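Construct the entire structure; sequences and hints are all you get.
For the sequence shown, the numbering used here gives the first residue as 1, with consecutive numbering after it.
I should point out that these hints are in silico values taken from the structure, not numbers from a laboratory.
These numbers come from a predicted model, not from an experiment.
Take these hints with a grain of salt, some might be off.
To be verified - With a cut-off of at most 35 Å between alpha-carbon atoms, the simulated DSBU-like pairs for lysine-lysine come out as follows: (1) Lys-47 x Lys-35; (2) Lys-47 x Lys-4; (3) Lys-64 x Lys-47; (4) Lys-64 x Lys-4; (5) Lys-82 x Lys-4; (6) Lys-82 x Lys-64; (7) Lys-82 x Lys-47.
Said to hold, decoys possible - Derived Cβ-Cβ restraints for the label pairs, each shown as a range: (8) Val-48 x Tyr-68: 24 to 30 Å; (9) Tyr-9 x Arg-79: 39 to 45 Å; (10) Ile-7 x Leu-44: 33 to 39 Å; (11) Leu-81 x Asn-29: 39 to 45 Å; (12) Leu-21 x Gly-58: 22 to 28 Å.
From the three backbone atoms N, C-alpha and C, an ideal C-beta is built for every residue, glycine too.
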Amino acid sequence: MNSKRLIGYILMILAGITFILYLIFPFLNLPTENKLLIIAGTYLINKVFFYSSLYLLGKQIIVKIASYLPVWAERFIFRILKVQKVTQN
Numbered sequence: 001m002n003s004k005r006l007i008g009y010i011l012m013i014l015a016g017i018t019f020i021l022y023l024i025f026p027f028l029n030l031p032t033e034n035k036l037l038i039i040a041g042t043y044l045i046n047k048v049f050f051y052s053s054l055y056l057l058g059k060q061i062i063v064k065i066a067s068y069l070p071v072w073a074e075r076f077i078f079r080i081l082k083v084q085k086v087t088q089n
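This is the structure we're talking about:
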């Protein structure tokens, strides 16, 4: 595995962790003036991690995730990305 893919997977894991934090922070007992700032900061960091990992991993991760979706959703995603499904013989 080359370093570009490894960094992409690490960023995807960090995006998952920050997404969970983004969902948890509104329910924590934080001071009111800091709560919105912390939630917004977590949201922005999540987007940076997520889109950076998609940039590094390319379309392969989206195609892999799309294979678990219903057929109509998979076709829609493939049409948007302008890729074709690879079939194995």
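Outcome of the hint check:
1. Under the criterion of a C-alpha separation no larger than 35 Å, the hint pairing Lys-47 with Lys-35 is consistent with the structure, at around 19 Å.
2. For the proposed pair Lys-47 and Lys-4, the alpha carbon gap of about 19 Å is at most 35 Å, so the pair holds.
3. The straight-line distance between the Cα atoms of Lys-64 and Lys-47 is roughly 20 Å, inside the 35 Å bound, and the hint therefore holds.
4. Between Lys-64 and Lys-4 the alpha-carbon distance is near 18 Å, which keeps this suggested pair within the 35 Å criterion.
5. Taking the CA atoms of Lys-82 and Lys-4, the gap is near 23 Å; set against the 35 Å cutoff, the hint holds.
6. The straight-line distance between the Cα atoms of Lys-82 and Lys-64 is roughly 15 Å, inside the 35 Å bound, and the hint therefore holds.
7. Proposed proximity of Lys-82 and Lys-47 is supported: the alpha carbons are some 24 Å apart, at most 35 Å.
8. A beta carbon spacing of about 26 Å between Val-48 and Tyr-68 agrees with the range 24 to 30 Å that was offered as a hint.
9. Checking the proposed 39 to 45 Å range against Tyr-9 and Arg-79 shows it is violated: the Cβ atoms sit about 26 Å from each other.
10. At roughly 20 Å, the beta-carbon separation of Ile-7 and Leu-44 lies outside the given 33 to 39 Å, and the hint is violated.
11. Between Leu-81 and Asn-29 the Cβ separation comes to about 43 Å, which falls inside the hinted range of 39 to 45 Å.
12. A beta carbon spacing of about 26 Å between Leu-21 and Gly-58 agrees with the range 22 to 28 Å that was offered as a hint.
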